[in-house]
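**Q** What follows is each chain in one-letter form.
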Amino acid sequence: MSQNKVMSGSISYQQALGNYHLQKQSLEGFPAVELSIDEKQLLKEFHPDHRHETITELQVGPNKGDRCHKQIADVLQADSRIDAADLAGTRIRETDVLVIGGGGAGCAAALMAAEAGAKVILATKLKLGDSNTVMAEGGIQASIEKGDTPQSHYNDTFKAGHQSGNKKLIKKLVMDGPETIRWLIQQGMQFDLNEFGDLLTRKAGGTSANRVVYFRDYTGLEMMRVLREAVKNSDVDVWDYSPAVELLSNESGHCAGAIISSLQECRYVQIKAKTVIIATGGIGRIHLNQFPTSNHFGATGDGLVLAYRLGAKLRDLDSFQYHPTGVAYPQHLSGTLITEGLRSSGAFIINALGERFVNELKPRDIVAAAIIRECQEGRGVVGDSADGKNVMQGVWLDTPSLEARKPGILKKRFPKLVQLGLKSKIDITQTPMLIYPTLHYQNGGVVIDENGRSTIAGLYCVGEVSGGIHGRNRLMGNALLEIISFGRRAGARAVKDRKTRGHKQITIDHISNLRRELMQNNMPMTSKSPLLFPEYAQFDSAKNSTARNSSSTFCGVCDQ
Amino acid sequence: MNHNLNDKQTNKKNENEVSLSINGQPITAPDSLSVIQALWHAGYPRVKGVGCLDGVCGSCSVMVRRADSSEIKMELGCQLLIEDGMDVFFSVFELPPQHNYELSRINTSWDVQTEFHKIFPEAEKCRHCNGCNKACPKGIDVESGVELAVKGRFRESGELFVECVMCNLCMTGCPEFIDPNHVGLFARRVTGYFHTRPSNLINQLEAIRTGQLDVDIEEQS
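First to last, the protein sequences are chains F and B.
Counting in the working numbering, the first sequence runs from 1 upward without gaps.
Counting in the working numbering, the second sequence runs from 1 upward without gaps.
What the hints contain is simulated information worked out from the structure, not anything from laboratory work.
It is possible that some hints are incorrect.
For each label pair, taking beta carbons as the anchor points, the in silico distance ranges come out as [said to hold, decoys possible]:
| # | chain 1 | residue 1 | chain 2 | residue 2 | range |
| --- | --- | --- | --- | --- | --- |
| 1 | F | M525 | B | Q25 | 40 to 50 Å |
| 2 | F | A404 | B | N130 | 36 to 46 Å |
| 3 | B | N107 | F | H50 | 51 to 61 Å |
| 4 | B | E83 | F | Q71 | 34 to 44 Å |
Cβ coordinates follow ideal geometry from the N, Cα and C atoms, glycine included.
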């Protein structure tokens, strides 16, 4: 709670429920209260990115001197988990392409590389498909409706990113949109269709046209189970429970593979690869600013650390997306995402006084900042939960009014949310959900070109780990598009680029350089990275205790 | 806000704490926590079998017996709130080998049914024991889904598996070694692969292919 102080004299849960009334009118009949400050000022005062005390300057590495969130700086400037001695006697495997990460981007890259005839290993920290992709349910953007154009998609994306995205990357993204949907259908993915078999579309916050295609509120689940099945039925060699802990480099500083920690065998394996594609996703489980997160358990920024240590340039390390509608209650689901599809379909956000306070279809950073403002200025719903123990705060996501205006829509289009409500004993057709922004997405990341190549030869980065496409704020549906579009690009390109001859010498010299630089800058070197798992999973303490006591019967890491 | 499980609030003993057993270990934790959160809260490491924490990745399947019942149920550990006297075990089933198929090798939609029986020969041996249905933590009518697929009614079959998270528990519940969830996913995939042909998408693809639509990166909206 430390960063999210609850105002005293705020409005209690029960009181706020009393202020809440069903709104059967349409958007026009129930106008939002005009924001009383302009959007720039709103972001500056209330968006978590603008808390100056959380920003620092990087002391070492290719982005030395750049602004960076303190918690990200801590992992980028930590010590390696690996010493040269760790590699003595390790098993060595060779492949053409090594994909690190088993979400949508990793699968798309692996499928393309394997299809082009390359030998591919896909190593993932947990199980194939355990990723943020599987939870990205709102939909995927592609300009396909009559009257909509890639140009409009480009303009919306560039504008929402506060004019700071890489124009060439955005152009590739939007031009790939329709083809990406076709490719997914050819993998066997289904989308919601109208009676004539055309793709249904809806708006996203900040888009000028109906451009999000979707499958119920299970778009990411549908995408991921199809891609997982496609990969498992391909020639890709899948390594589950195999997080990468360090990259390997060759005599010229090119990327030459990775060191994998096999969780099941409790030992390291070196994979020599002609090219490496990092698709490790984002950072939500670092819980920036103590926020809850919508992210997958494994989203600990590992890829950022690996790439940075090898010298890859990063960007926008002070810019993150807080999704406006995370669950605030019940507690065990705190931070869980409620899809933007609800707002796209017309659900209001209501404060404790029963008022709308922002146009719900503004870009995510604006809506999130507006919610935080309501809570900080005493118009949020605050109080004890039903058991009187846990303090929570938030505003209402008005599902009952949406249901009243469009009977049946919740069950038909949002079965996942209905289920979530049932499990929490909340009937979302009758009672609004309490929501608060949740840490959702890393806007920046590794600098890439139009084929996902980083600034280090032989190293590609795709998906959330990369930066530049979304500038400083991402639109709904552009992440699922990006992972497939750039995943496929990188997979195809990596095969073309692979060196015909292997690397002469494989080293981890870059770690010695890192340590020297850290010491020269008087950095503490007390912690190690990549983190691999959030602190509360107690991964490192488990590893140590099994090392000491091999008869332990309760190892939550390897079940041995 | 409350993700921090070492929070002082949750550490102090109060009347909302419940006692249960997880993987044979006695654990006491507040009743507002899920099974996975309760393990972490009690200081036990847990990495394996933890995934999206959102009920959609299928990694955290657990077997649970409640205090007032002898019945063993399958649930997802991230979604299951702990109760007093619960007995919970994380499932550690090894997966049987998968069926192997590629959609691109099925020549036309007329061949799907023939190919299905070649890929899943055991599917027609279903003895309607209800084992898959009992095993499903999502309450899917798995058995009917398999039956529909066997009859060649793939679109209908696939509709039943909309909420399937591929946790593979139904595979463990099947005495005929049918992989019901993979049958369901096959049914869904062939429906998309052969029958999704949206005209709005196709028109736009054509406009891009012929150069009618392009992006000028300097144009301002």
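**Q** Each of the hints needs a verdict: does it hold here or not?
**A** The hints, checked one at a time:
no.	hint	verdict
1	F:M525 x B:Q25: 40 to 50 Å	violated (35 Å)
2	F:A404 x B:N130: 36 to 46 Å	holds (39 Å)
3	B:N107 x F:H50: 51 to 61 Å	holds (58 Å)
4	B:E83 x F:Q71: 34 to 44 Å	holds (35 Å)
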